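Number of protein chains: 2
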Amino acid sequence: MMKNSTPAALVRGPADHEVRNQIVLAATEHFSRYGYEKTTVSDLAKAIGFSKAYIYKFFESKQAIGEMICANCLGKIETDVKAAIDQADRPPEKLRRMFKAVLELSLQLFSQDRKLYEIATSAATERWQSTLAYEERIRVMLRSILEEGRQSGDFERKTPLDETVMAIYLVLRPFLHPLILQHSLDYTEDAPAQLSSLVLRSLSP
Amino acid sequence: MMKNSTPAALVRGPADHEVRNQIVLAATEHFSRYGYEKTTVSDLAKAIGFSKAYIYKFFESKQAIGEMICANCLGKIETDVKAAIDQADRPPEKLRRMFKAVLELSLQLFSQDRKLYEIATSAATERWQSTLAYEERIRVMLRSILEEGRQSGDFERKTPLDETVMAIYLVLRPFLHPLILQHSLDYTEDAPAQLSSLVLRSLSP
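Chains A and B are the protein sequences, given in the same order.
Once you know that position 97 of the first sequence is 97 in the working numbering, the rest is easy, because the numbers rise by one and skip nothing.
Once you know that position 178 of the second sequence is 178 in the working numbering, the rest is easy, because the numbers rise by one and skip nothing.
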């Protein structure tokens, strides 16, 4: 299917994009009703009213569609986490908001859309590209807060920055990873405040 | 079966204990070969050469046997964690050893005895009594190191002790919980050192 794709792509460029979006939208709707694991590409084709072959023109597998849905979901969480961080002025408060927002937004997805949450769980467990990229962008956000706090004098500068980023990321990880979060529900009420306080104490100059 | 159990128990007291041990030993052997989830009490009875009814005299369910196996397993890890802590003189080093030992011993169980690890996973996921008690004893160990470090002047005393115990417990938890550990294998090499360093920075007076 990838043979001679360049000329074809040039001709049908924008339309491709639209059809892909249309498939992803319909698949999101379908998965969120019937679940990701149980649905086959045939089910999906039938539900959308496309042929299976037509869907395969745009996505090489069910997982490729799942990847797009997952990337959209995580992209939304990421935007909201960024917005929460931007509401704060000082780096320490930014870090607190980041912990709080990550947990709240992940829990929201879990409680509001259990079936889409399943996709995120598969993605995290099987280490799909969309999850790896999301985790990396979370680390980038974290690093940027830490750099700002080191410059402002709010945070200590002795520990290598890479180590600080990684250690704090590990503290945050149970609330980022959908499967781990499901096994941490007993702790979600106090965890963000307690953990961000611990992290801030560890950062004091 | 529990009716009039007191006189019977008085008569066969020590023997009861021995039979229970015998069943637990045989079950450990059997589960570690064939897995916990797949084995029924009937399978177990056949393998040990007891009647199913006889086993039910001593354990009310398969889970009750699993609880004993799990408690033995976790008890062993706990003893080894304590020994690792006791090898260190000062509270900061005790904390480092605790992080290292918890991870190493959990990983050991995971890599050496995958089938018994399954029992620990069920226990943690379904919150069996043996796991809850183990988690509580880990928090008690942690508290004792923190108290010692507060007295020696190694650790800060401003944060309420309960909060410090809980926050550090949450940092350690992904490496205590068998299911979460399985989804954290990418991080096990550096995590104990990085996390215990972060925690020690947070404790500096």
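Some clues are possibly wrong.
A pair counts as met if it fits within one copy or between any two copies, since identical chains are not told apart.
To be verified - Here are the simulated SDA-like pairs of lysine to any residue, each with C-alpha atoms no more than 20 Å apart in a straight line:
| id | residue 1 | residue 2 |
| --- | --- | --- |
| 1 | Lys-62 | Asp-89 |
| 2 | Lys-38 | Thr-28 |
| 3 | Lys-100 | Leu-170 |
| 4 | Lys-100 | Glu-37 |
| 5 | Lys-38 | Arg-97 |
Rather than coming from a laboratory, the hints here were simulated on the basis of the structure.
None of the values given here were measured: they were computed from a predicted structure.
Against the structure, the hints come out as follows:
no. : hint              : verdict
1   : Lys-62 - Asp-89   : neither (43 Å within a copy, 56 Å between copies)
2   : Lys-38 - Thr-28   : within (14 Å within a copy, 36 Å between copies)
3   : Lys-100 - Leu-170 : both (15 Å within a copy, 15 Å between copies)
4   : Lys-100 - Glu-37  : neither (30 Å within a copy, 37 Å between copies)
5   : Lys-38 - Arg-97   : neither (37 Å within a copy, 45 Å between copies)
In the structure shown, a violation is registered for the earlier hints numbered 1, 4, 5, in ascending order.
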